[in-house]
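Construct the entire structure; sequences and hints are all you get.
There are 2 protein chains.
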Amino acid sequence: MAGSAIKPTPLLKDELDIVIPTIRNLDFLEMWRPFFEQYHLIIVQDGDPSKTIKVPDGFDYELYNRNDINRILGPKASCISFKDSACRCFGYMVSKKKYIYTIDDDCFVAKNPSGEQINALEQHIKNLLSPSTPYFFNTLYDPYREGADFVRGYPFSLREGATTAVSHGLWLNIPDYDAPTQLVKPLERNKRYVDAVLTVPKGTLFPMCGMNLAFNRELIGPAMYFGLMGDGQPIGRYDDMWAGWCMKVICDHMGWGVKTGLPYIWHSKASNPFVNLKKEYRGIYWQEDLIRFFQAAVLPKECVTVQQCYIELAKQVKEKLGKVDPYFIKLADAMVTWIEAWDELNSSEEKSSKQPNGTAK
Amino acid sequence: MAGSAIKPTPLLKDELDIVIPTIRNLDFLEMWRPFFEQYHLIIVQDGDPSKTIKVPDGFDYELYNRNDINRILGPKASCISFKDSACRCFGYMVSKKKYIYTIDDDCFVAKNPSGEQINALEQHIKNLLSPSTPYFFNTLYDPYREGADFVRGYPFSLREGATTAVSHGLWLNIPDYDAPTQLVKPLERNKRYVDAVLTVPKGTLFPMCGMNLAFNRELIGPAMYFGLMGDGQPIGRYDDMWAGWCMKVICDHMGWGVKTGLPYIWHSKASNPFVNLKKEYRGIYWQEDLIRFFQAAVLPKECVTVQQCYIELAKQVKEKLGKVDPYFIKLADAMVTWIEAWDELNSSEEKSSKQPNGTAK
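Chains F and U are the protein sequences, given in the same order. Going by UniProt numbering, the first sequence runs without a break in its numbering and finishes at 361. Going by UniProt numbering, the second sequence runs without a break in its numbering and finishes at 361.
It is possible that part of the hints are untrue.
Repeated chains share a single entry, so a pair holds when one copy, or any two copies, can fit it.
Said to hold, decoys possible - Once the Cα atoms are required to be at most 27 angstroms apart in a straight line, the calculated DSS-like pairs of lysine-lysine come out as:
| hint | residue 1 | residue 2 |
| --- | --- | --- |
| 1 | LYS76 | LYS315 |
| 2 | LYS301 | LYS185 |
| 3 | LYS185 | LYS323 |
| 4 | LYS126 | LYS98 |
| 5 | LYS111 | LYS191 |
| 6 | LYS98 | LYS76 |
| 7 | LYS126 | LYS191 |
| 8 | LYS51 | LYS318 |
| 9 | LYS278 | LYS54 |
| 10 | LYS54 | LYS97 |
| 11 | LYS185 | LYS126 |
| 12 | LYS191 | LYS76 |
| 13 | LYS111 | LYS96 |
| 14 | LYS318 | LYS13 |
| 15 | LYS111 | LYS330 |
| 16 | LYS97 | LYS7 |
| 17 | LYS269 | LYS97 |
| 18 | LYS330 | LYS279 |
Keep in mind that the hints were calculated from the coordinates and are not lab data.
So, in structure tokens, the structure goes:
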């Protein structure tokens, strides 16, 4: 089905998986064909497993539905959310690649101010492969970008930067607002193309959105757990936020950088604000305590792997957030289960090669 | 000489002074006429006081040369640098206005990507009059800007923001590089217009450039001391950096915000990198210790005014940086002298009205 012309090999072709959570046919991939078709896709089908998800011809993919998740993880499947895009983190776990790019199925190719289509994945890869600057702010933004550098007054000892673990991309058109803001500003669209990539400084938290996100799975994968959301849970729409706060505390501890800014995707449709409000309202309330918790969280020096950091964080969640609501005790347990499942699937080369491949086609 | 047409009153017309340090005729003001002519200028003449600085007709200004500074401050004039643009901070001290905008005389009006002239001062005023977000990073940048807001996951308790103390603007064309970078990249020009204003997070330091800078003098003025540079001093070109680091530590302590980004000015000429290297080389070396010092600096709760914070910081500079070089002992003393001089000129309405006005015309 591929054209006969020889296509150039894209960056990290064999080292990156694209993870897409979905409940519908993936027609949106047509628009991404020039940018995605040489990469491998991991599709995590949410909701009714008996439904067939159509994937446009020519894409190389494996697809997991709930039955696959249950079969592969057994009782540990309880840590993977159902009826919520949080299920996407299952894709991170079963990937064997060094890098992950995850995108929502209502996200399309955006254009830059010159009218050119933006290769979002390529920009994410550039972000991940160049260092970050978490220890000092560079006023001309990313100093590693062509035409930019460190400005006067930037300490030379910090110019090598830190290894980048995460690249958080943004959205034109429908901004990623919470339900109250959606309700108050139903017509607001993001039209501002900000031509910058910057490092979120050490010690600073930010709201990480899972819509357009890339990360170094080998480094930070085990911290990218999207929590317990959706079916049977008291909240939704905090999956990526939760992962972002946990991940940021751990990256700060490990000395890795987190970038935000370019690339943009075109976010096509606003979700229903009334439905969102129902999913979010407890989160909006709990969040006030969560932020204080994560701002104050300190990991002991003894935690030298992401898994150790994450287990320690789970312990602190149980101790300190358990008082906010019993939900966080359940979540803390799920965090531990997630790490156990991650290690089971990823503990060694040998083991990993024996893992089932879902319904890979 | 003004045109007969009635001009609209610009923002903060009677509450803001424009401070310009210079050694030459101020022809550059012609380009700024539409934006500056209704404001009051404070010109700080550096170098030979017998030289006459020409100011284009129609501007309302007062001018101070070294003789004026010596006359007004007496022995305390020792804290004001000579033969270095650090002398500009004398203008902050003698101003009686709430806000200051300071600009270098080699900075011209820049254009935005649509080709329109940028009213830099107006943008700075907008930045200063709207809150900052130092406690949590908003991925869509300034949430108070038209067409933007706080994104999902931003705690509601933090959406009122913090009072803004400083607005740091950027530069198109010649970037503000140190001498080594100038030498390595003599032809690099900043052509990237990044359409964003953002808050430098609490706990994060940045290199503050004095070329295009505005601040709330009533709030943070006493911390805007540009140090001992130039004539008789071992370093130059660290005046604004020093002020920026001191100011940031104090703003963090006081709970005020510092913004960077828009507006851009057009920086017309690169200074001589060989001369700069001579001025900078000790700073480049000392800076490594300075950054560690400022990153670790903690001000006690008892410091509730900027003056108290600054005196405390001077004490810590003497104790901790005095070991790096005796220069910092002298600088710490000058910091104390600066505060004494500031308080003398600004302690009360009555006193301040008695201050001489230099060679105001």
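Item to check | Hints not upheld, ascending by number | outcome: 2, 3, 8, 9, 12, 13, 14, 15, 17
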